[in-house]
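Same order as they appear, the protein sequences are chains Y and R. If you read the first sequence in the numbering used here, its first letter stands for residue 1, the second for the next number, and so on. If you read the second sequence in the numbering used here, its first letter stands for residue 1, the second for the next number, and so on.
Watch out, some of these pointers could steer you wrong.
As the list makes no split between identical chains, a pair holds if one copy fits it or if it spans any two.
[To be verified] Here are the simulated EDC-like pairs of lysine to aspartate or glutamate, each with C-alpha atoms no more than 16 Å apart in a straight line: (1) K9 / E40; (2) K95 / E40; (3) K9 / D102; (4) K15 / E94; (5) K95 / E38; (6) K12 / E52; (7) K95 / E70; (8) K82 / E52; (9) K9 / E66; (10) K9 / E94; (11) K12 / E60; (12) K55 / E87; (13) K82 / D102; (14) K9 / E38; (15) K12 / D102; (16) K95 / E58; (17) K82 / E94; (18) K95 / E11; (19) K95 / E81; (20) K12 / E94; (21) K9 / E60; (22) K12 / E38; (23) K12 / E66.
Just so you know, these hints were derived from the structure itself, not from any lab.
Protein chains: 2
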Amino acid sequence: MNSPALCTKVEKGMKIISQRWTSLIIYQLLNGPHRFCEIEAALPISGRVLSERFKELEQEGIVNREVFPETPVRIAYSLTEKGRALEPIMREIEKWSHTWID
Amino acid sequence: MNSPALCTKVEKGMKIISQRWTSLIIYQLLNGPHRFCEIEAALPISGRVLSERFKELEQEGIVNREVFPETPVRIAYSLTEKGRALEPIMREIEKWSHTWID
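Chain Y extracted, bound-state conformation:
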């Protein structure tokens, strides 16, 4: 059977979501806004890599970065509308994992 040509939108979507750690970061943010250190503590990921991922997710319009001018300065990350629209994907991954992963 021949494959239909892959839609470039789907290819790009999969590339974004498949970026290492991205789905786990989004999954954490589904619970609400988080500070950098909270995500860093929740995932086995270095601060440098987490910072890169957040930059990419901001550039993609998936994550919002908000700076609160307190002392010390507080920075919170949250999902944009585009980011929250990823929730059904995450819920399906959750279901599949609970059913099929030992």
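On the provided structure of chain Y, position chain R as indicated by the hints.
Below, chain R without anything else, positioned relative to chain Y:
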């Protein structure tokens, strides 16, 4: 807000799906069994990497490899039940990509 501890099953599920090219390979196989060369032609991926991915997906019980003793020998890959159960995830990624990717 604190993050709830991440479920290890969900973490493992996300790791499998997030492996580079894996979701695109599974997406192609949703259309039915394919030969190695068909997937290789459909994706911008080297034969070496595709071969690695297929081995991992076989080990995870997501893909079946069937050898037909023809001349030349024919090898076809298809999704197992565990692999086909990934379809709702792929469909949600498809929907999200069509809505949110320019």
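We went through each hint and held it up to the structure:
no., hint, verdict
1, K9 / E40, "neither (30 Å within a copy, 19 Å between copies)"
2, K95 / E40, "neither (25 Å within a copy, 30 Å between copies)"
3, K9 / D102, "between (33 Å within a copy, 7 Å between copies)"
4, K15 / E94, "between (19 Å within a copy, 12 Å between copies)"
5, K95 / E38, "neither (25 Å within a copy, 30 Å between copies)"
6, K12 / E52, "neither (18 Å within a copy, 22 Å between copies)"
7, K95 / E70, "neither (40 Å within a copy, 40 Å between copies)"
8, K82 / E52, "neither (19 Å within a copy, 33 Å between copies)"
9, K9 / E66, "neither (29 Å within a copy, 31 Å between copies)"
10, K9 / E94, "between (24 Å within a copy, 8 Å between copies)"
11, K12 / E60, "within (11 Å within a copy, 25 Å between copies)"
12, K55 / E87, "neither (20 Å within a copy, 30 Å between copies)"
13, K82 / D102, "between (32 Å within a copy, 12 Å between copies)"
14, K9 / E38, "neither (32 Å within a copy, 21 Å between copies)"
15, K12 / D102, "between (30 Å within a copy, 10 Å between copies)"
16, K95 / E58, "neither (27 Å within a copy, 21 Å between copies)"
17, K82 / E94, "between (19 Å within a copy, 14 Å between copies)"
18, K95 / E11, "between (23 Å within a copy, 12 Å between copies)"
19, K95 / E81, "between (23 Å within a copy, 15 Å between copies)"
20, K12 / E94, "between (22 Å within a copy, 10 Å between copies)"
21, K9 / E60, "within (13 Å within a copy, 28 Å between copies)"
22, K12 / E38, "neither (29 Å within a copy, 20 Å between copies)"
23, K12 / E66, "neither (26 Å within a copy, 30 Å between copies)"
In the structure shown, a violation is registered for the earlier hints numbered 1, 2, 5, 6, 7, 8, 9, 12, 14, 16, 22 and 23, in ascending order.
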